[in-house]
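Start from the sequences, fold in the hints, and give me the full structure.
Chains as they are written, first to last, in the numbering used here: chain A, 57 to 152; chain B, 57 to 152; chain C, 1495 to 1624; chain D, 1495 to 1624; chain E, 485 to 605; chain F, 485 to 605.
In short, the hints are calculated from the structure, not lab data. Beta carbons are placed, not taken as given, at the ideal position from N, Cα and C, and that holds for glycine. Do not take every clue at face value.
[Stated by the list, open to error] To give an idea of the chain A side of the interface with chain B (calculated C-beta under 8 Å), a few residues:
#1 67
#2 68
#3 69
[Stated by the list, open to error] Below, simulated DSS-like cross-link-like pairs (lysine-lysine); rule was C-alpha separation at most 25 Å, straight line:
#4 546(F) to 562(F)
#5 546(E) to 64(A)
#6 562(F) to 147(A)
#7 562(E) to 147(B)
#8 562(F) to 536(F)
#9 562(E) to 546(E)
#10 536(E) to 546(E)
#11 64(A) to 147(A)
#12 536(E) to 562(E)
#13 536(E) to 64(A)
#14 546(F) to 536(F)
#15 1593(C) to 1593(D)
[As the list claims (entries may be wrong)] Just a sample of chain A residues kept apart from chain C, beta carbon distances all over 12 Å, derived:
#16 76
#17 98
#18 127
#19 132
#20 142
The primary structure of each chain is shown beneath.
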Amino acid sequence: MILHILTKAPDSIVATQMQQAIGGQDAVLLIEEAVTAALDPSWQAWQQCQSRIFLLSEDLISRGFASIATDNELPTLEMDGFVALTEQYEKTVTWY
Amino acid sequence: MILHILTKAPDSIVATQMQQAIGGQDAVLLIEEAVTAALDPSWQAWQQCQSRIFLLSEDLISRGFASIATDNELPTLEMDGFVALTEQYEKTVTWY
Amino acid sequence: MMQYGLLVMGAPYSSPAPHSALRFAHAVLARGHQIAGVFFYHDGVHNASSLMAPPQDELNLREAWIELHQQHAIQLDVCIAAALRRGLMSESEAQRHGKQAFNVAPPFELTGLGQLLELQQRADRLITFA
Amino acid sequence: MMQYGLLVMGAPYSSPAPHSALRFAHAVLARGHQIAGVFFYHDGVHNASSLMAPPQDELNLREAWIELHQQHAIQLDVCIAAALRRGLMSESEAQRHGKQAFNVAPPFELTGLGQLLELQQRADRLITFA
Amino acid sequence: MATPDALLVIIRHAPHSSNWLREGLDAALVAAAFGQPVNLLFMGQGTMALLKEQGSGAPGQKATLPTIDMLEMYDIDKLWVTEEALQGMHLSADALVEGITLIADQEIPGLLQQHTQILNF
Amino acid sequence: MATPDALLVIIRHAPHSSNWLREGLDAALVAAAFGQPVNLLFMGQGTMALLKEQGSGAPGQKATLPTIDMLEMYDIDKLWVTEEALQGMHLSADALVEGITLIADQEIPGLLQQHTQILNF
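Next comes the structure, spelled out in structure tokens:
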């Protein structure tokens, strides 16, 4: 079980590469530029990883997407929750 | 009339942005990572800029695409030809 | 309690990676874990530059790493090959290369890539910021 | 004969931009044009680092720029704000910031962004490498 | 129509991702301070620099919004964004700060032609 | 199947574009030199590191091919590339150096699961 950390926009080639690598039990955390995924609830990874994909709250806030994420009912995590995820998942892979 | 210099791969967001900005009389020079366009003669910009789009020869060679570019009958320029283009076109915009 | 290793590969002010790494490090410690070490590789080596002088209203990332080191005795290793290429060297490297100045000083240590692999072996988790 | 200005915004060994810029500069001169100046901005400021020490079988980009300056008296300007943030400073800036060392020396000159806009006005062509 | 000696600064990078946005805006401000007419075109992720809700980012990361607000004082009053870019980012125009001029994607080549000088960030 | 303590190094960057490729391969070589079993997965532009025709690049830019050739000496003999990646780049397998193992895109998640350690470049 792997935690994938995406740092680039959901329409980037990097995001596509990550999506190819996600296994059935894996989780995804969206940080930095990747939080733009909050704007697009139709992004395929939202379906692919249902209930195991999260947005990093502080990066959402700094970019002005916090209320959009709330409107779109997307799951967010604080930095503390990020650490909790890395406790659960033995391996992490960062996509940048 | 503008010379557009693309430095990133043809399937990148940067390439799409450049394609949006190309005017009817503009020319395009593909350098650095952009020379991967040699692999894909179906890339839309080849049609869009017919006879005004070029690959930088030395970047093709270093990446191992020189013979592919020849096979695909794509127009290449030496560094000297790059300078010649900038003489012809008053403005250049680099997309990176 | 777990041991975390951090791999930082982005430069301050050009990449958000060091900021994210630093905030993550504090959250790791706040949850009672330990940080076995931070390894700076690729453009991340710029985090160690003692000549970094950002505007006063911006965080000085080097100082923030040093503070982390001072408070929690966390090792700050910088890949020597990546550093030298990019203009970062310690006093002893400067001597070896005949340079008049240096810009990497303790607690940052220049070291080989082997240290990264050793960190990955030793830590329960290795998290990359790039 | 035309005047060219070059804007370089990539760091050596992390971006191919400085290499491309340098080769372009030589081709410009070979065609009988002049280079009114080179401006280093964003991560391009790292081109000026006197502490850069790449492996011997790789081109030292700083030295290549200096050679260009020596042979053709081309001005090498480095944006001071971009430089200070990224750990590059001249002797006088080092004094001002209370630093013991510096890593930017002539022919590289720290200067304001105004110099870039002045270069763009003065040159017939401004070509960006980033 | 842009005045003959106008500078077009193209902004394509988002806040907090790199220093491209800040250094691009700095170039625009300095040009304006030197008395040059300056216009801005925001493309792709650059559009996010105009979001009115954005914050200051991680501790020590400066906010972009104060700089955007400063543009008007420097007589930089043309801030172009394309409707297609907004749609592509799933943003509506009222999420942006005041004073943005919406154009169509197909007007971009014309904008570039009109300006004597262009800087692309 | 990878051995229990194997390291997977993922290479996603092309030669001459940045130092990511070189520094990724360096990490693989050092791990192998330390006796760790190392396997390589090439994705996207990283595939281009395997082109047999590539040259040394601009003056002073080192070639990648000698490093690729060196992998075998370090007992790094699994070099995975997906058929879809090759198709996506419009490359045929015989443009690549010897000793590449072609897999399908859908095998990637399994590869990642099998390895205890992963470094992504």
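task: Compare the structure with the hints numbered earlier in the document and write down the numbers of the violated ones, lowest to highest.
output: Hint check: 20 fails alone, others pass.
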